[in-house]
Structure formats: C-alpha cells, structure tokens
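> Next come the chains, spelled out residue by residue.
Number of protein chains: 4
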Amino acid sequence: MSLIDVQALPDDRGVALDAVGVEGLRYPLLLGDGQGGKRDTAATMTMTVDLAADVKGAHLSRFVEVLHAWRDQLDASSMLLMADDLRQRMGSRRATVTASFVYFLERQAPATGATSFMDYPCAVTATIGPDCNVVQLRTEVAVTSVCPCSKAISDYGAHNQRGRVTIDVDLEDPGSDLWFDELINVAERCGSSPLYALLKRTDERYVTMAAYEHPVFVEDMARNVVTALRDDPRITRGTVQVVNDESIHNHAAFTRVSWPTQDGS
Amino acid sequence: MSLIDVQALPDDRGVALDAVGVEGLRYPLLLGDGQGGKRDTAATMTMTVDLAADVKGAHLSRFVEVLHAWRDQLDASSMLLMADDLRQRMGSRRATVTASFVYFLERQAPATGATSFMDYPCAVTATIGPDCNVVQLRTEVAVTSVCPCSKAISDYGAHNQRGRVTIDVDLEDPGSDLWFDELINVAERCGSSPLYALLKRTDERYVTMAAYEHPVFVEDMARNVVTALRDDPRITRGTVQVVNDESIHNHAAFTRVSWPTQDGS
Amino acid sequence: MSLIDVQALPDDRGVALDAVGVEGLRYPLLLGDGQGGKRDTAATMTMTVDLAADVKGAHLSRFVEVLHAWRDQLDASSMLLMADDLRQRMGSRRATVTASFVYFLERQAPATGATSFMDYPCAVTATIGPDCNVVQLRTEVAVTSVCPCSKAISDYGAHNQRGRVTIDVDLEDPGSDLWFDELINVAERCGSSPLYALLKRTDERYVTMAAYEHPVFVEDMARNVVTALRDDPRITRGTVQVVNDESIHNHAAFTRVSWPTQDGS
Amino acid sequence: MSLIDVQALPDDRGVALDAVGVEGLRYPLLLGDGQGGKRDTAATMTMTVDLAADVKGAHLSRFVEVLHAWRDQLDASSMLLMADDLRQRMGSRRATVTASFVYFLERQAPATGATSFMDYPCAVTATIGPDCNVVQLRTEVAVTSVCPCSKAISDYGAHNQRGRVTIDVDLEDPGSDLWFDELINVAERCGSSPLYALLKRTDERYVTMAAYEHPVFVEDMARNVVTALRDDPRITRGTVQVVNDESIHNHAAFTRVSWPTQDGS
Numbered sequence: 001m002s003l004i005d006v007q008a009l010p011d012d013r014g015v016a017l018d019a020v021g022v023e024g025l026r027y028p029l030l031l032g033d034g035q036g037g038k039r040d041t042a043a044t045m046t047m048t049v050d051l052a053a054d055v056k057g058a059h060l061s062r063f064v065e066v067l068h069a070w071r072d073q074l075d076a077s078s079m080l081l082m083a084d085d086l087r088q089r090m091g092s093r094r095a096t097v098t099a100s101f102v103y104f105l106e107r108q109a110p111a112t113g114a115t116s117f118m119d120y121p122c123a124v125t126a127t128i129g130p131d132c133n134v135v136q137l138r139t140e141v142a143v144t145s146v147c148p149c150s151k152a153i154s155d156y157g158a159h160n161q162r163g164r165v166t167i168d169v170d171l172e173d174p175g176s177d178l179w180f181d182e183l184i185n186v187a188e189r190c191g192s193s194p195l196y197a198l199l200k201r202t203d204e205r206y207v208t209m210a211a212y213e214h215p216v217f218v219e220d221m222a223r224n225v226v227t228a229l230r231d232d233p234r235i236t237r238g239t240v241q242v243v244n245d246e247s248i249h250n251h252a253a254f255t256r257v258s259w260p261t262q263d264g265s
Numbered sequence: 001m002s003l004i005d006v007q008a009l010p011d012d013r014g015v016a017l018d019a020v021g022v023e024g025l026r027y028p029l030l031l032g033d034g035q036g037g038k039r040d041t042a043a044t045m046t047m048t049v050d051l052a053a054d055v056k057g058a059h060l061s062r063f064v065e066v067l068h069a070w071r072d073q074l075d076a077s078s079m080l081l082m083a084d085d086l087r088q089r090m091g092s093r094r095a096t097v098t099a100s101f102v103y104f105l106e107r108q109a110p111a112t113g114a115t116s117f118m119d120y121p122c123a124v125t126a127t128i129g130p131d132c133n134v135v136q137l138r139t140e141v142a143v144t145s146v147c148p149c150s151k152a153i154s155d156y157g158a159h160n161q162r163g164r165v166t167i168d169v170d171l172e173d174p175g176s177d178l179w180f181d182e183l184i185n186v187a188e189r190c191g192s193s194p195l196y197a198l199l200k201r202t203d204e205r206y207v208t209m210a211a212y213e214h215p216v217f218v219e220d221m222a223r224n225v226v227t228a229l230r231d232d233p234r235i236t237r238g239t240v241q242v243v244n245d246e247s248i249h250n251h252a253a254f255t256r257v258s259w260p261t262q263d264g265s
Numbered sequence: 001m002s003l004i005d006v007q008a009l010p011d012d013r014g015v016a017l018d019a020v021g022v023e024g025l026r027y028p029l030l031l032g033d034g035q036g037g038k039r040d041t042a043a044t045m046t047m048t049v050d051l052a053a054d055v056k057g058a059h060l061s062r063f064v065e066v067l068h069a070w071r072d073q074l075d076a077s078s079m080l081l082m083a084d085d086l087r088q089r090m091g092s093r094r095a096t097v098t099a100s101f102v103y104f105l106e107r108q109a110p111a112t113g114a115t116s117f118m119d120y121p122c123a124v125t126a127t128i129g130p131d132c133n134v135v136q137l138r139t140e141v142a143v144t145s146v147c148p149c150s151k152a153i154s155d156y157g158a159h160n161q162r163g164r165v166t167i168d169v170d171l172e173d174p175g176s177d178l179w180f181d182e183l184i185n186v187a188e189r190c191g192s193s194p195l196y197a198l199l200k201r202t203d204e205r206y207v208t209m210a211a212y213e214h215p216v217f218v219e220d221m222a223r224n225v226v227t228a229l230r231d232d233p234r235i236t237r238g239t240v241q242v243v244n245d246e247s248i249h250n251h252a253a254f255t256r257v258s259w260p261t262q263d264g265s
Numbered sequence: 001m002s003l004i005d006v007q008a009l010p011d012d013r014g015v016a017l018d019a020v021g022v023e024g025l026r027y028p029l030l031l032g033d034g035q036g037g038k039r040d041t042a043a044t045m046t047m048t049v050d051l052a053a054d055v056k057g058a059h060l061s062r063f064v065e066v067l068h069a070w071r072d073q074l075d076a077s078s079m080l081l082m083a084d085d086l087r088q089r090m091g092s093r094r095a096t097v098t099a100s101f102v103y104f105l106e107r108q109a110p111a112t113g114a115t116s117f118m119d120y121p122c123a124v125t126a127t128i129g130p131d132c133n134v135v136q137l138r139t140e141v142a143v144t145s146v147c148p149c150s151k152a153i154s155d156y157g158a159h160n161q162r163g164r165v166t167i168d169v170d171l172e173d174p175g176s177d178l179w180f181d182e183l184i185n186v187a188e189r190c191g192s193s194p195l196y197a198l199l200k201r202t203d204e205r206y207v208t209m210a211a212y213e214h215p216v217f218v219e220d221m222a223r224n225v226v227t228a229l230r231d232d233p234r235i236t237r238g239t240v241q242v243v244n245d246e247s248i249h250n251h252a253a254f255t256r257v258s259w260p261t262q263d264g265s
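Chains as they are written, first to last, in the numbering used here: chain A, 1 to 265; chain B, 1 to 265; chain C, 1 to 265; chain D, 1 to 265.
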C-alpha cells in the first residue's frame with residue numbers, strides 16, 4: 001500500500017522553524033560513566049532539528065529510530081555522533097539532542113564513613129550545525145547553606161536550608177575527561193556542607209558544626225563555583241544558578257551568572 | 001437534530017463505579033472568606049458522582065454547568081448544596097466536590113511589624129450520599145523547624161529547614177465557624193517558627209533565635225497539632241501530615257497521624 | 001564521644017503516630033524483573049513505621065541503612081523481608097516500604113514490527129504488621145481513547161486523547177508470579193489502542209483505524225480492567241483509576257473503582 | 001540595637017552576578033485586565049537585579065517591600081515602573097520582574113452558546129537597564145490538533161490531542177493596547193479547534209467535525225501564529241512554542257520559532 005507523505009508536502013507560509021522534534025520521551029539508555037563503564041539509565045530525551053521554510057513537516061518517527069539505534073553506547077562523544085546522524089537523516093542543517101537522568105554517586109559520611117548514595121539530576125546536550133559543534137553538561141546538586149546574615153546578627157543559631165546548585169558548561173572538546181563527578185564535587189564544595197543520604201549521630205554533629213562554620217549566601221555559592229571553573233581550559237563557557245529554599249520564607253533566594261562576560265573577563 | 005445519547009445506553013459488565021467525573025478543572029470562583037466577605041479565587045476543581053452498574057456513562061458537561069451556576073457563592077455550606085445539586089442532576093446516590101486554591105493572609109513581622117502576605121494552599125471538599133453528609137477542610141502550611149537532635153549534639157548551630165504541615169478535618173456542622181485562618185494558626189504554632197514573606201534584619205534575628213529555642217521533629221509538629229485539635233467539638237475527625245525538606249539530606253522526613261484512633265482515644 | 005539520644009527520650013502528649021519515616025529518597029536499586037533477572041533502577045522510596053505514644057522520635061538514619069543493605073536484591077518477596085527487617089530494627093509494630101520507578105518494555109509496532117521501548121511508572125509496596133502482611137503492585141499505563149459519544153454524533157472524525165490507567169492490586173501471595181508485565185497488558189487492552197514510542201506510516205494508519213473501531217469512555221476502560229482482573233485468584237483486592245486528558249477540554253475525565261465491593265460482589 | 005549589615009560587606013572574588021533576587025514568591029495582586037478594570041490575582045513572582053562584583057550580597061527583603069507597595073495597581077506600564085523602583089532601591093543597573101498567573105476568559109460554546117470559563121497561564125515581564133526597557137507578555141493556550149498525516153493515510157478517524165501553544169512577545173511600547181485576550185485569540189485560531197470547559201452534545205459534534213476539517217501539525221500551528229503576528233507593529237520580537245501531547249505516543253511533539261530572524265525576515 002502506498003501512503004501519501006504529508007510531511008514532505010511544500011509549505012508556502014515562508015516560516016522556517018528553529019526546532020522541531022520530540023520532547024518528554026523516556027527511554028532506557030546505557031550511559032558511559034566517564035570511567036569506561038556503562039550504566040542502565042532511565043533518561044528523558046529532547047531531540048530537535050531545524051526545518052526549512054518550504055517543507056510542511058518533520059518525520060518524527062525517525063527521531064525515535066535514531067535514538068533506538070544509539071541507545072546502548074551513549075557518552076559525550078557519541079551524543080554528538082548521534083546528533084549528526086539525526087541531522088543527516090532529517091536533511092537538516094542543525095540538530096540538538098538532550099538526555100536527562102538521575103546520576104548517583106556513593107558517598108561516605110564525614111565522621112563514621114557510613115556508605116550511601118546521593119542523587120544528582122544531570123543532562124548531556126549535543127548540538128551540531130554549520131556554526132556549532134558542542135557538547136554541554138548540566139548537573140544539579142543539592143547542598144545546605146547557613147545564612148551569614150542570620151548567623152552574624154543572632155546570639156545563637158542561624159537559619160539554614162537546602163539549596164540547588166545548577167552548573168551548565170560547554171566542553172571545549174567532546175572527548176574531554178570532564179564528567180559529572182568533577183562538577184558535582186565543585187558544587188558540593190561551594191555551599192556550607194554537602195548533603196548525605198545517611199548520617200549517624202556523630203556525622204550529624206560534624207555536618208551541623210561544619211556548616212555553621214561556613215555560612216554562605218546564594219551569591220557566595222555562585223561565586224565559589226565561578227572561581228573554581230572559569231579558568232578551566234576544558235570549559236569554553238558556563239552558567240551557574242543557585243536556588244535556595246529559604247527556611248524562614250516560603251519563597252526561594254535565586255542567583256545566576258554566566259562566564260565569560262561580554263567584556264571577556 | 002436528534003443526536004444519540006451514548007452515555008445513557010445500558011451496560012452489561014456488572015461493574016458499578018465508585019466515582020466518575022472531572023478533574024483538574026481550573027475555574028474562577030467567588031469564595032467566602034469566613035468573615036462574610038468574598039474573594040476572587042482561581043480554584044482547581046475535582047467533581048465526581050457514583051455510577052450504577054447498568055448505565056454506560058456519566059454526562060460530564062453537567063458537572064461544569066453545576067459549577068458555573070454556583071460559582072459566585074461558595075463556602076462550606078454552599079459547597080454541600082452544590083454537591084447535592086450535582087447528585088440530583090446526575091441521578092446518583094453520592095457526589096463529592098473539591099475546590100483547591102491558594103489562600104492568603106496578611107502577616108506582621110515579629111519585631112518591626114512590617115506587613116506582607118503569606119500563601120497557604122487550601123481546599124474544601126463536600127460529600128453527600130445516603131450514608132454521609134460532610135464538609136472537609138484542608139490546609140497546607142509551610143513552617144520552619146530546628147532539629148532537636150542536631151541542636152543537642154552540636155556545640156553550636158543546628159540544622160533547620162522548611163516543612164509543610166497539612167491538616168485535614170471533617171466539620172461536625174457545615175455551618176461551623178471553623179475556617180482556614182484558625183487551622184493555619186494551629187499549624188504555625190506547631191513548628192519552631194512561622195514563615196513570613198517579609199523580614200527586616202531585627203525580624204530575622206528574632207525568628208532565628210525563637211526557632212533555635214523551640215526545636216521540633218516532624219513527630220513533635222504532628223503531635224502539637226493533634227493536641228490542639230483533638231478535643232475541638234467542631235471537628236469529628238482529622239489527619240495531620242508533616243513533610244520536612246531536611247537541610248542535611250536530599251530527602252524528606254515524614255509523619256502522619258489521624259484521630260480519633262480506632263479504640264476511640 | 002557520647003552523644004545524647006534525643007529520639008529515645010520519653011513523650012507525654014499521648015499521641016501515637018501512624019507513620020514516621022522518610023519520603024522522596026531517590027536510590028539506585030537492583031530490581032528483579034519477574035523473570036529471574038535484575039535491572040538497575042533509579043527508585044524513589046517512601047519508608048515508614050508506626051511510633052508508640054511514649055517515644056519522642058524515630059531514628060531516621062536506620063531507614064537508609066536498611067535500604068542500603070537490601071538494595072541489590074529487591075522483588076515482591078524481598079520487599080516484604082526488608083519491611084520486616086525495618087520493623088524489627090525500629091522496634092515498631094508495623095512497617096511500610098514503597099519503591100517507585102519507571103519500568104520499560106520492548107514493544108513491536110503493529111504493522112511493521114519496528115521495535116522501541118515504552119515507559120510505565122510502577123511501584124511495589126510491602127506492609128507488615130500484626131494484622132497484615134501484604135505486597136501491592138501499582139502500574140500506570142498510558143493509552144489512547146476515542147470518545148464513543150463524539151464518534152456516534154459526528155458525521156466524521158471523533159475526538160481522542162491520551163489517558164492514564166492506574167491499577168493497584170494486593171497480591172494473595174508475595175511469591176506470586178503476577179508481575180507488572182501482565183498488569184500492563186491488561187491496561188493496554190482496556191483502551192482504544194496501546195501507545196508506542198515508534199510508529200512508521202503503516203503503523204500509524206493501523207493504530208488510527210483500530211482506535212476508531214474501539215471507542216471507549218473512561219468508564220469503559222475501568223470496567224474492562226475490573227472484568228479482566230476481579231476473578232484472578234492471585235489478587236485479593238484492587239483499584240483502577242483512569243484519567244483522560246480530554247482533547248476538547250482543558251480538564252480531565254476521571255473514574256475510580258475498587259473491588260471486591262462491600263457486599264462481596 | 002545596631003546589627004551588622006553583612007550583605008553590604010565587600011567581596012574580592014571579582015565575580016559580578018547577572019541576577020540576584022527572589023523566586024517562587026506567591027502574592028495576591030490587583031492586575032489590570034486591559035480594559036480599565038482590575039482583578040484579584042494569585043501571582044507567582046520572580047524579581048531580580050544585577051549585583052556588582054565588589055558587593056557581598058543583595059538585601060532580599062527590599063524585593064518584597066517593593067512588591068507589596070505596588071501590588072494593587074499592576075499592568076504592563078506599572079510593572080516597568082515597579083522594576084525601575086526596584087532597580088533604584090537596590091542601587092543596581094538592571095532589574096527584571098515577572099508576574100505569572102492564571103488568566104480566565106468567558107467563552108461561548110460554538111453551537112449552543114453555553115457559557116463557561118477557559119483558563120490560560122499568562123505572565124508579564126518588565127526589564128529595565130542601561131540598554132533595555134521592555135515589557136514582555138507570555139500566554140500559554142491549550143488547543144486541540146488533528147494530525148494531518150493520520151487523517152490522510154487512514155480510511156476513517158484521525159488521531160488528535162491536546163497541545164499547548166506558548167506565545168512570548170516584546171511590546172514596542174509598554175502602554176500598548178496589546179493584551180492577553182488578543183494573543184489568546186491568535187493561539188486558539190492556529191490549531192484545529194479551540195477548547196471549551198463546557199460543550200453540550202451539539203457543540204461536541206460541531207467541535208469534532210470542525211477539528212477534523214482543519215488538521216494541523218505542531219509545525220502548522222507555530223507558522224500560523226508567526227504569520228498572524230510578525231507584521232504587527234506593536235510587537236518588536238516574538239517566540240512561539242507548541243508542545244503536543246500526542247495521543248498515539250507517550251511523548252510530545254515540539255516546535256519553536258522566533259522572529260525576526262537574524263537576516264531580518
């Protein structure tokens with residue numbers, strides 16, 4: 001049976017589209033762990049291409065075919081190859097692929113050394129086009145922050161809370177050895193203390209006092225991340241956001257900064 | 001034009017349905033404020049009826065017609081009348097209507113008296129049927145809690161965080177004078193400190209120190225709410241849940257308790 | 001260093017708590033796949049125990065220790081053993097453990113046989129206590145539904161939409177061979193058509209026409225599930241909910257039914 | 001009592017911040033309705049300023065004070081005045097304020113004229129700085145779309161679903177008469193049919209058949225919006241996104257386009 005190809009029909013509205021594709025596609029991937037191993041990962045995918053002004057639509061089933069073909073070998077480098085494969089199969093100039101997932105690291109509690117896992121929402125985005133060819137890493141790290149103002153103005157105590165530090169970086173080279181673990185470590189050092197799934201009583205004492213000794217605003221956390229990463233030659237640009245779920249308010253404190261700045265600093 | 005009434009067709013599978021209706025319907029309501037006034041409110045509605053085993057379907061457009069007719073006069077009593085109107089129009093034995101919305105109260109900061117609004121997600125549910133005729137109030141109140149263990153075992157500091165106290169109560173009488181304001185006050189007194197949208201520096205000092213002086217676990221918060229409400233003759237039964245976004249973990253502490261207990265205590 | 005055990009202190013408010021524990025804990029698990037294999041799974045955990053009226057608090061770190069010890073061997077039977085381990089370690093009468101995760105199944109497109117994965121949010125809950133000892137399975141399955149009314153009253157076309165069928169069942173025996181795959185199949189047969197991640201053009205034609213030939217209301221979908229499962233001896237009780245994201249409204253159609261009914265039917 | 005001003009302390013890390021402020025602040029506003037009236041609105045606010053490299057922190061309580069002072073008179077023009085007030089109080093170069101809320105319009109069903117309300121998530125953003133002075137409107141409109149491919153290749157039926165059309169525009173003039181109502185109308189005309197909260201049977205027939213006669217891809221919807229708005233002199237730039245919750249898949253189709261294009265078309 002021959003079925004009409006509606007997507008391939010011409011379009012005369014004269015509107016090229018920046019991005020057409022699929023979003024919210026949950027898929028099981030084998031993701032490289034940055035140390036040569038692979039992990040089963042339940043990822044959420046966004047995949048898009050640009051569409052010329054004179055074509056009615058994109059064939060969305062091809063996005064899933066491309067993903068299915070690459071699904072057991074994804075890392076920063078192969079994400080870019082997958083984006084290029086997608087770009088070619090769609091006859092597009094540009095393609096972008098994002099895989100988002102929860103990444104886990106085993107952590108030791110600071111006093112007892114008790115072992116547990118911490119969870120970090122992460123993402124890899126690969127974009128390929130006539131003017132770009134780039135892999136971006138994103139990681140979101142929960143930390144605790146003690147308020148420097150509250151500590152300084154109070155005779156005892158200090159409000160503190162959970163915050164989320166989100167780091168986005170463009171890799172200078174898709175084959176870079178920069179991976180999530182390193183970015184997560186930077187984020188965890190920028191706050192008053194890292195978080196742990198498991199803390200025994202002596203650990204809780206340790207974390208409480210260590211955090212109290214290192215109060216930070218959202219501004220401090222963002223600046224600490226920028227200071228740690230802005231001179232890293234493996235990173236061409238970055239953005240840090242910090243959202244702090246203030247424990248004395250029902251709203252969040254927020255900050256954002258990108259580098260390099262427009263004047264090159 | 002005569003159109004077939006598909007919903008009214010018979011069904012032979014022998015399965016009566018506990019609830020059929022609409023969910024996630026956002027609608028502008030005029031909601032009584034418990035003091036004789038009315039407020040414009042953007043509510044999210046759930047409305048259901050039961051369905052007999054021998055009928056194929058419910059006419060869902062009638063749910064919206066009933067809501068539209070009652071929308072400018074809703075309070076605890078009229079929600080029950082609306083549920084009864086729905087029950088009758090649908091030819092059902094039982095109907096349940098829930099309106100969920102954000103409720104605001106003006107608050108004064110504890111030291112400067114500076115004024116701002118706090119937000120409280122609230123809901124009213126009315127159920128009418130052969131064996132019940134009840135209005136329920138729900139309110140969710142954000143508070144701060146200082147951890148008693150962290151304080152006791154540390155030389156200085158104590159981890160604290162934002163928590164959410166959810167109170168559900170069945171009213172003994174739909175015309176009761178119990179309204180959200182009173183439940184919110186109970187919830188705000190159960191934690192280490194209420195939250196405020198606006199705190200100047202002397203207020204922040206006040207809240208920091210007051211919270212440090214009143215450490216509570218989630219267990220304490222739930223018990224404080226039960227102690228305040230379990231003997232209130234306007235309430236026939238209740239449930240309290242507390243979810244604490246622990247600032248030293250990336251997960252929450254949780255507790256739940258209902259009263260009266262099965263042995264009547 | 002000897003640190004005070006604040007949780008073990010007495011409490012005199014006379015309020016026993018139904019549930020105390022952790023919520024929203026994301027953890028990497030090895031989950032049995034029902035066929036003897038195991039899968040790496042990013043689960044979200046809720047774990048609670050009851051707390052006697054005369055004890056101030058529960059030691060929440062033990063919940064994570066128990067989970068960490070069992071994390072590489074979870075299935076329906078071992079979830080119950082883990083709940084019992086938790087109950088004993090906490091000195092409680094009752095413990096409940098829920099693991100929620102996305103489950104994937106490989107599917108073939110109906111005409112071309114093209115292969116892709118479908119995603120199904122699933123959960124296992126194990127509860128152990130003096131009066132119960134039960135494992136529950138939950139699965140949430142997205143399907144498409146064509147509206148029988150819209151089809152019957154229109155000369156052409158019929159509105160259709162994505163819906164979510166949620167099935168909860170209590171297993172008669174924790175060692176039962178009933179697993180998610182079977183419940184998912186029941187849910188996918190109850191609607192107008194299953195969904196697929198990948199459909200080529202002849203598949204899309206197949207699904208469009210098959211769905212148009214099998215119109216269903218949310219009421220029909222729920223009844224189809226009940227009819228398929230209510231006589232299954234491996235299931236002691238169940239609940240079905242269907243939420244349909246109506247394509248002609250901005251709200252959902254909803255239904256819910258549990259079995260057995262109170263009169264035993 | 002004199003309390004130290006920690007935020008005003010110097011900072012030597014040499015990192016200016018692009019944005020510091022509050023996020024997720026729910027507040028009751030009186031919002032202009034574009035026709036000279038005002039509506040009580042439960043808004044969610046984001047408010048930020050930039051922060052110089054040599055200052056430690058921003059005084060976040062001032063954000064709430066500014067909002068509280070302006071809260072009973074907000075429209076496109078006064079949002080910009082509020083942003084300027086914030087900028088001056090903070091001693092910053094740039095300030096951005098966003099108010100997000102649900103906007104309702106009364107709609108008549110297409111055959112019976114039955115009246116109900118439709119809900120539209122909307123937002124106003126005002127930004128003021130040395131190089132900009134702009135008000136942006138955002139509206140998100142749910143519509144239904146019938147798939148042109150599914151219709152063309154099938155003997156009967158066609159899959160359709162709910163989609164969300166998001167339009168962002170920069171106003172040429174903050175005092176412009178362009179308001180949400182007009183953007184919502186454009187979005188509702190771009191799909192296969194508008195949605196309604198209330199449709200009687202003859203309305204459902206009307207909508208089903210009208211939608212079947214006007215099939216559209218996400219690409220078509222985006223292009224229809226661009227065609228309607230790109231020559232409007234009141235708009236200096238715009239972006240359209242369409243997310244379609246495909247009824248035959250468990251993922252969404254997505255498109256995005258901005259105008260004017262870089263080559264000025």
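Since the hints were derived computationally from the structure, they do not count as laboratory data.
There could be a bad hint or two in this list.
As the list claims (entries may be wrong) - Each computed DSS-like pair below joins lysine-lysine, with the alpha-carbon atoms no more than 27 Å apart: (1) 56/C / 151/B; (2) 151/C / 38/D; (3) 56/B / 151/A; (4) 200/A / 151/C; (5) 151/D / 200/C; (6) 56/A / 56/C; (7) 151/C / 200/D; (8) 38/C / 38/A; (9) 56/B / 38/C; (10) 200/A / 151/A; (11) 200/C / 151/C; (12) 151/A / 151/B; (13) 38/B / 38/D; (14) 151/D / 56/A; (15) 151/B / 200/A.
> Hint by hint, note whether the structure agrees.
Going down the list of hints, with the structure as the test:
| no. | hint | verdict |
| --- | --- | --- |
| 1 | 56/C / 151/B | 15 Å, holds |
| 2 | 151/C / 38/D | 42 Å, violated |
| 3 | 56/B / 151/A | 65 Å, violated |
| 4 | 200/A / 151/C | 62 Å, violated |
| 5 | 151/D / 200/C | 15 Å, holds |
| 6 | 56/A / 56/C | 66 Å, violated |
| 7 | 151/C / 200/D | 14 Å, holds |
| 8 | 38/C / 38/A | 16 Å, holds |
| 9 | 56/B / 38/C | 43 Å, violated |
| 10 | 200/A / 151/A | 25 Å, holds |
| 11 | 200/C / 151/C | 25 Å, holds |
| 12 | 151/A / 151/B | 15 Å, holds |
| 13 | 38/B / 38/D | 16 Å, holds |
| 14 | 151/D / 56/A | 15 Å, holds |
| 15 | 151/B / 200/A | 15 Å, holds |
Comparing the model with each earlier hint shows violations of hints 2, 3, 4, 6 and 9; every other hint is respected.
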